[in-house]
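*Asks:* The primary structure of each chain is shown beneath.
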Amino acid sequence: MNIEKYLLDLEYKNPGEPEFLQSLREFLMSTREYLSDDFRLENAAILERLSEPDRVFMFKVPWTNDQGKVVVNRGYRVQYNNALGPYKGGLRFHPMLNLGTVKMLAFEQLFKNSLTSLPMGAAMGGADFDPKGKTEGEIMRFCQSFMLELWDLIGADVDVPGIDLGVGTREIGYLFGMYKKLTRRYSGVFTGKGLEWGGSLIRPEAAGYGIIYFLEALLNNRQEALQGKTITVSGFGNVAWGVISKAVELGAKVITISGPDGYIYDPDGITGEKINYLLEMRATHNDIVRPYSFEFPGTQFVEGKKPWERACDIAIPCAIQNELNAGDARQLVANGCRIVVEGANMPCTPEAQELMETHALTFIPGKAANAGGVAVSGLELAQNTVKLNWTRDEVDARLKEIMTGIYHLCVKHGKQPNGQIDFVKGANVAAFLRVVEAMMDQGVV
Amino acid sequence: MQRASINLKYSNFFAETAFEHLMQHRIHQVLLICSTYDAFLLEEDGRIDEQIFNEYVSLNLRYPPHFIHVRTAEKAFEVLATEPIDLVITMLSVGGMDPFLMAKKVKHKYAHIPIVVLTPFSREVSLRLSREDTSAIDYIFCWLGNADLILAIIKLIEDEMNVTHDVDEVGVQCVLLVEDSVRFYSSYLPLIYRIILSQSKKFMNEGLNEHQKMMRLRGRPKILLARTYEEAVEIYKEYRDSLLGIISDVTYEREGKKDQKAGIRLAQMVKDDQRYMPFLLQSSNIKHRAAAKELKVGFIHKLSKTLLHEIKRFLNKYLAFGDFIFVDPGTGAEVARVKDLKELQEKLFQIPDYSLMYHFQRDHVSKWLNARALFSIAEVVKHLKVEDFENLDHIKRFLFDTIANFRFNKGRGVIAKFYREKFDEYLTFTRIGDGSIGGKARGLAFLNMIIKKHNVFCQFPDVVVTIPRTVVLSTDVFEEYMETNELYPIALSDASDEEILDRFTQGHLPVRIHEDLYKFISVVKGPIAIRSSSVLEDSHYQPFAGIYSTYMIAKDPDDKVVLNQLCEAIKCVYASVFFKSSKGYMTATMNVIDEERMGIVLQEVVGHQHGDVFYPTFSGVARSVNFYPIAPETAEEGIVNVAMGLGKQIVEGGVSLRFSPRYPKKVLQLSSPDMAIKETQKTFYALDLHAETFKPSVNDAINLKKLDIKEGEKHGALRWLGSTYDYHNNMIRDGLSAKGLRLVTFANILKYDAFPLAGIIGNVLETGQKEMNQPVEVEFAVDLQPPAGMLPTFYLLQIRPIVDCKETISEKLEAIKPEETLIHSASALGNGIIQDVYDVVYIKTDVFNPANNPAIVAPLEKLNAALNEEHRQYVLIGPGRWGSQDSWLGIPVKWPQISAARVIVELGLENYRIEYSQGTHFFQNLTSLRVGYFNINPAIGDGYLNTACLDALPAVYEDQYLRHVRFQQPCVIKIDGQKSIGVVLMPEKED
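Here the protein sequences come in this chain order: A and B.
Those letters in the first sequence? Residues 1 to 445, by my numbering.
Those letters in the second sequence? Residues 446 to 1436, by my numbering.
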């Protein structure tokens, strides 16, 4: 098929939505090969159906601020695709939010959810409301007004909103409260709920744990174990914290963390109370890691440098976008690193990825490895459905299962002619296939 | 025989001096037109000073000048119509009418009443005065917060009223001051009067009785002010024989035009007429020194940092106000020194003849006596002719007898010195000493007054609103300390802060205050704060906040230890006047450092003891004007910053919680869990109660401890202020019942009204602003852990006016396209047009790394000093929060290090977006000094900065962090304060 012509048509149909179009373009490019091989797809107009959301809601959200003034915001809910399960996706409150962004996020959610193998479709929503500088009362009134419009469009088996930027447990609480009042039902219609009222355990750690489970599956596949491996990690936020805790639990040694000021080298490995200290440090030292070296003698703070200069078996960049460049990759190769797993959002530059590929260094993209968060949302819904609260271990075990499954899907669909695994392709194709097959099975709807 | 008769004759003459006829025209009633606060300062800060009170009593007048205060022009006319008014003093804070127009109307109707305009000193005011029609005004003075200016004004006007009579009748002496600069004569006059009065006081203590005290005061030298050449010549001719000396500026009006050499012409004229007439020229142009030398007159450079000190020296030496020094005319070496009449008498025979002759011939001795109102003896000495006596020895003998006669007849013993000892535990505010109490103390006294006057605080029945127990050491203690320990030379030198501190701590405080301090210590139960209260600090338009040091000392069971530490701390505060940063600040604010006098506020520290530390539950700073309102806040609703523990946290620019008293539940910093974690206070300051931790140091925080907020939780202080970050749910849960990380959110107070903070602050700001007729800044501390049975207390620690700019820019700045400017900000502070800036200093952003921030301070300081030296101002651009103590948030400069900056730009970078620097004292200084302040973040489309243009210019200075460039033409800066738009326009291209 002529993808360029197809994209031009899309541009015509979706003016002013560059984010959405860009996302579609990237997707088409990565699955191009597969698309041209499967003759059924064109006939069923799968691409056309995938580039059009099932439905889009756009509505006004009037609310009264603390001064008694009426303010009107715009709300959105894009129910993108429910081939695999009820629509599922976050709500975002951000002053710059527009329809193009919401559609783009909904589209990307489709494949993220699909990859987990859980029964979740895709949606996204939100409002151009800025929670910054608002009082709790204002936020509550806004959420309630928002829900007045949305309540009959969602439901545990219909559409399940969750958290995203500007929407956290507090906002979900207000939304859920209003939903309950309007429907007179108590159902798992949201994810990201408070632990005491239907939320799931292991949510903050999920992304980090997921990365390690994925890594473990990869090592197991190579008849290796995480036990005894030396890992360098960058960042010290949520993801890094989850990665370090699970890696250490499984017997690996994590020797670095980093911040904008430099990195910490801990030759004995970050364990026990040191891991707890990361959480404290995040809250007390304005993003810097230097205080760690004061707290734990024997560790070293290296100012202005990145941890990739240290010898390791595995590197997991969990800090910021583009933090690992070609130079860093070269150092990693030279220092004997064999696997790089992306913990943050696109931390490796394209040049770094290319260099890793040429040196047979295994590169696991975030797209494949950091599905842990989405997976736990799915598990939250599952618990709500069976009306049970699983223990940490139960959630953890299921998370492991899901991540191992994702690994195998990637291997299955990402195997290159040379025997190497292209994990990006693998993740994309696996996710896409699940959706396509379901759509085909369910007919033209 | 002959000698005896002469003696008798002159001694009779002594008794005939018609002192009772002197100073007949007095000012009894003054109409003061200004805000309540201004009036309060004048009346409270020493009832126009003890000196004026004493002088009036001694003159047997029944009342010291009575001040009738009105706030509006309308009221002023009512008073003028019904009361006999001798003088009108108006400040710029007149309600209802422009003060200049009002002056015209008053003059029109009451031509005989002198009108004085008293203005604060600032750029804006000078500009305004130059534009206004001041024809109806007799004198304009600028007020630097020193109450003795009022004394000087009254004395000057009275001197003018009485001079003709008093000189003709009794031979009262005069000093002629020729000066047309309001700024300078406002400094000199109080100084000269102060010297004259203190000289008189010395004589009083030496043995004059009440009657003679009256004589002395009535007969003290008068000061005559001339503002043009013609005026000066007229006064000179009229009082030629009664002039003690002349102090003259060089440039002033002659024949209707500014004459660059008017002073030199005057000096020439006088010297031709009277060779030995003491004459002091002073000029801001050092080149005139040569001309002065040629004329054999004194010269002082006006820009000298020791200007007033030098004038004092001149007055004492040449105008005979100080000790009389007999010199060897050949070498100029001192051969004898007498400080009073008694010593003159005693040493008369030891003085070498040649020296005595030299001084007699030049009338030095008679002038010296005249300056002390000893006219009768002066008269004798003046008319002594050597040829009337057989030899010089006879003259000496004669003089000796005359003096003895005078003293025998008139001496009545010493008047006992008066100590004030009113202090007991029921008094909230007392003072030790006779001088001014300084700005901070005045503010406190004012607060004390408004708390009593306004019962608005009664609406908070469960809270006590008060000021902490306070004792003020007035500025005379400082003066005495400086002089007796001879500290001025080291203080005014370029010595390091440490050296200055060292010398100061070696000095001794006047013994007389020890007993008072001891008593204070015995009454006070907790730690004591020793704070500066300078006469310049906190006066109108003079933002000195945070320039001088504040020390705290703990209580010790041994009062002697406390007394010793208290004395050390007082000396430290005195020393801080002369620290490098203060001197830099003085230069930047066009103040003269030796004009500065320091009062000391001793205050009980507010708070509660927790183990070995002491701190209030929280402290804060509130302003009645909000420079950065975030919708729906408005500028007029004010803004508050609060922090747990001692206020040092806020003063130092540390993290504090910002809220509008109108919307206490709307706290920007708590918008999301992430922001709340990052942008709330993590540590707080407390006083270390181990007495040994206090040592004299240039660091006033030497015995302060920085504690983690976890400690505050253990102490129970966090109970009102804390929330908890619930990690599992990624939520902030108010209160401390949940498990998780503690955050200082003040939620229980601001959201759940555990304490009516917003209400009280709202009231304080409203009342303070109303009483001062202008926006105010208030510091406070709150103790929520009072002893059992006591109420929580809200302590007001300080109030000061904020400069608020009312001028508006007529041009519509929003019409200017950002990309046509050098800098464009939609979040600008300041107001007006600045036309004389050529220089731009900017931090390089391509290599910017906040880890380097501390290293940028030193080169910046150096650059600032160099630009300051050249009287150049500049635009300063850099990332983050200027002046933050936390170097990760911005470059940690102190104000003196960037004092020549005229516009400061806080630049956000793509990955470096920091909250504005509102909430620090540093910021207050910037705004009060009218420094433009822009916030821009071009990376996110907020504001514009033409970096390419700056980079294209050749660097005047460049290093790895910063770059200094200069334009050929000025870059005009325009700021519209009401719309918050600020632009730095591209300089015009040269033809």
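Some hints could be false.
EDC-like mimics (lysine to aspartate or glutamate), calculated; alpha carbons at most 20 Å apart, straight line [claimed, not checked]:
1. B:K1123 - A:E280
2. A:K134 - B:E1082
3. A:K400 - A:E249
4. A:K400 - A:E224
5. A:K132 - B:E1097
6. B:K1110 - A:E136
7. A:K132 - B:D1145
8. B:K1110 - A:E249
9. B:K1127 - A:E280
10. B:K1127 - B:E1097
11. B:K1155 - A:D66
12. B:K1025 - B:D1145
13. B:K1151 - A:D66
14. B:K1184 - A:D130
15. A:K132 - B:D686
16. B:K1155 - A:E295
17. B:K784 - B:D808
18. B:K1196 - B:E1097
19. B:K1196 - A:D66
Treat the hints as calculated values from the structure; they're not laboratory data.
*Asks:* Look at each hint and say if it fits the structure.
*Replies:* The hints, checked one at a time:
Using a Cα cut-off of 20 Å, the hinted pair K1123 of chain B and E280 of chain A holds, with the two alpha carbons roughly 11 Å apart. Pair hint K134 of chain A plus E1082 of chain B holds up; C-alpha atoms about 17 Å apart against a cutoff of 20 Å. At roughly 14 Å between alpha-carbon atoms, K400 of chain A and E249 of chain A fall within 20 Å of each other, so this suggested pair holds. Taken as a hint, the K400 of chain A and E224 of chain A pair is honoured in the structure, with Cα atoms around 17 Å apart against an allowance of 20 Å.
Of the pairs offered as hints, the one joining K132 of chain A and E1097 of chain B is violated, with about 26 Å between alpha carbons and a cut-off of 20 Å exceeded. Proximity of K1110 of chain B to E136 of chain A is assessed by CA-CA distance (about 8 Å); at most 20 Å being required, the pair is judged to hold. Restraint check: the Cα-Cα separation between K132 of chain A and D1145 of chain B comes to about 38 Å, which exceeds 20 Å; the hinted pair is violated. Simply put, K1110 of chain B and E249 of chain A have alpha-carbon atoms about 43 Å apart, too far for the 20 Å limit, and the pair is violated.
Between K1127 of chain B and E280 of chain A, the direct Cα distance comes to roughly 11 Å. Compliance with the 20 Å bound is thereby established for this hinted pair. A C-alpha spacing of about 14 Å is found between K1127 of chain B and E1097 of chain B, which places the hinted pair at or below 20 Å, so the restraint holds. Under the criterion of a C-alpha separation no larger than 20 Å, the hint pairing K1155 of chain B with D66 of chain A is inconsistent with the structure, at around 34 Å. A hinted pair counts as satisfied when its Cα atoms are at most 20 Å apart, and K1025 of chain B with D1145 of chain B qualifies at roughly 15 Å.
At most 20 Å may separate the alpha-carbon atoms for a hinted pair to count; K1151 of chain B and D66 of chain A exceed this at roughly 37 Å. For the given pair, K1184 of chain B sits about 29 Å from D130 of chain A by alpha-carbon distance, which is inconsistent with the 20 Å threshold. Distance hint between K132 of chain A and D686 of chain B is unfulfilled; the C-alpha atoms sit about 78 Å from each other, more than 20 Å. Between K1155 of chain B and E295 of chain A the CA atoms are separated by roughly 16 Å; this keeps the pair inside 20 Å, and the hint holds.
Between the alpha carbons of K784 of chain B and D808 of chain B the distance comes to roughly 17 Å, so the proposed pair stays at or under 20 Å and holds. About 27 Å separates the Cα atoms of K1196 of chain B and E1097 of chain B, which puts this hinted pair outside 20 Å; it is violated. Restraint check: the Cα-Cα separation between K1196 of chain B and D66 of chain A comes to about 13 Å, which is no more than 20 Å; the hinted pair holds.
Taken one by one, the earlier hints fail for this structure at numbers 5, 7, 8, 11, 13, 14, 15 and 18, listed in ascending order.
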